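A.B. asks: Spelled out, the chains give:
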Amino acid sequence: MKVLGIDTSSYVNAIGVIDGDKILSDFTFEAKTDSLKNIVTNIDSALGKANLTLEDVQGIGVGLGPGSWTGVRIGVTVGKILAYVTKRPVAGVPTLEALAYNARNVTTLICSIINAGRDTVYAAIYRPQKGAVTRLSEYYVGDVQKLTEMITEPTTFTGPEAQFYSKLMRPTFESQSINIEVMEDIPRGYAVAMLAEARFQKGQTDNVLSLEPMYLKESTAKAFVNRYSINAGVKGQDLPGVSSGR
Amino acid sequence: MLVLGVETSCDETAAALVADGKVVLSNVIATQLDLLNKYGGVVPEIAARRHTELIGYVIKEAVDSGGKTLAEIEAVAATSKNGLIGCLLVGVAAAKALSYSLRVPLIGVHHIEGHIFANILSNPKMPVPHICLTVSGGHTMLIYVHDYCKYEILGNTLDDAAGEAFDKIAKFFGIGFPGGPVIDELSTKGDRKAFRFPRPLLGSSTLDFSFSGLKTSVINAFKSRIAANEVLPVEDIAASFQEAIVDVLVSKTLRAASERQVSVVSVTGGVSANRRLREVFSNACQRKGIEVFFPKLSLCTDNAAMIAAAGYARLKEGEAAGLDLNVIPSAPFEV
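Residue numbers (the numbering used here), protein chains in the order written: chain F, 1 to 246; chain B, 1001 to 1335.
The set of hints was computed from the structure by calculation and includes no laboratory data. This one's a predicted model, so the numbers in the text were calculated from it and none came from an experiment. Even glycine gets a Cβ: it sits at the ideal position worked out from N, Cα and C. It is possible that part of the hints are untrue.
Stated by the list, open to error - If you anchor each label on the Cβ, the simulated ranges turn out as follows: (1) B/Lys1296 to F/Gln204: 43 to 51 Å; (2) F/Glu30 to B/Pro1129: 45 to 53 Å; (3) B/Ile1085 to F/Thr41: 17 to 25 Å; (4) B/Ser1298 to F/Gly203: 56 to 64 Å; (5) B/Asp1034 to F/Lys49: 41 to 49 Å; (6) F/Phe164 to B/Asp1247: 55 to 63 Å; (7) B/Gly1318 to F/Gln204: 18 to 26 Å; (8) B/Asp1147 to F/Glu30: 36 to 44 Å; (9) B/Thr1069 to F/Gln204: 25 to 33 Å; (10) B/Ile1085 to F/Arg127: 37 to 45 Å; (11) F/Asp119 to B/Asp1191: 55 to 63 Å; (12) F/Thr41 to B/Glu1319: 18 to 26 Å; (13) B/Gly1318 to F/Glu218: 44 to 52 Å; (14) F/Glu30 to B/Lys1296: 40 to 48 Å.
With the rest of the complex left out, here is chain F (with noise of 0.2 Å):
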């Protein structure tokens, strides 16, 4: 099956085309925080290194996140709008199981870690298994020193600064003799559509319409007003990150 893959929740357009268990292409083009000025190019590209156009494109899957929630939301919308309009199926995979992906063929169990900005990470631990990964934990959303607490064996850290964090945490896991390993790496175009083709073929696809990020944290705001149930509405309250203007 055909899939293309695309995942703009990290500072790069990761794209990538699969056919079966053959990559096709693959590519992770310099985004930085503008995901939006080159996407389509970036599919288009990514097509045509593959000797494909739009419409043989079978499947569509997609990275849901975590990650940047600005850069993320582009790579959902684009790749629903052409699910939609192709009338292909989709599927949203997370981006923490596709960089778990990649690291596949460790010897240890994978932790995914993605920077959640202030102080904290998106985390989840996987099994690499027989070229797949299965997760193992809870997503997490926290501190980064509390993320050692969910580690007891030997584990290779992957993200895009897997090598800041592991760095922060190796003492504890030191202190504790727990060897671990880190394989820095951002997200891939190519494992996206692996995994999303490993759904298709259980029969599983997402709404093409409802297709949503996975945020896994709630917005400032929200957070403060369900933090104090206040009703904004009301005495003209100030909330952070609130524009009054329209």
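Given chain F, work out where chain B should sit, using these hints.
C.D. replies: Leaving out everything else, chain B in the frame of chain F:
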């Protein structure tokens, strides 16, 4: 030519089908009023999340309810300039995917030009040149419309937009959100001469606007009574405040018309739905022998039909965008 318009610059997720820049076949708008009421304003991140959730449904609804198929769409226009960046991104991403997969031209539209076209859509016989007052929660702008796609900015707000002043006053007095419709409604029960609020910049020769001081002066006038827990005459306050804004908007627009010696004015944007504004404009224009045009109510607030119409006009000028179209959150309105 069948154009699909997409608009997500603020808190409305909208898509529409317009034929030949004239006939609105569908005009789908998903508002986020529930969120506005909850948070007392637009939270950019929450609005952007809602756009992502709804964009597919809204586009499909626009195509289906317009009685067309995707294959019949001949161009896609999206608001790419002026708005909240995270919100604009969603609509433009969708439009790019549509343009690429349908292999039809893509047009990036400035939100303000969209509002000008809301009036052209509603009043196909509206002549040019004319003076256009674009007045909403985000803008208060006087524009000399030389011709379709040819504009000259005569005046702009120096601080708050008129609609923003409505919102902030409504928020301060705790009477609801968005402020425009709430104050419009309350004012019908109030005395607009009960309080005399300032008319900022009305005496000066500039065509610019300023509403921040008016807002502050209204708030200051009642601070002590609020502190004393007095029951306020909100109907009278609303009516008097609205009257001050309407007075400034109408006077400046008519002054612009007289300076430019044009006998046609148009009023567009969310605040153009305000009943008192329409009434005062109509009366004043009649006295001066000026023709005044307003959009249909469905085209006053943000919508995608106006974006499709503007996009069609731009395409006729040969101004299609590339697939590398990007968003510009605070773009000057190009003339």
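A.B. asks: Identify every previously stated hint that the structure contradicts and give their numbers, smallest first.
C.D. replies: 4 and 7
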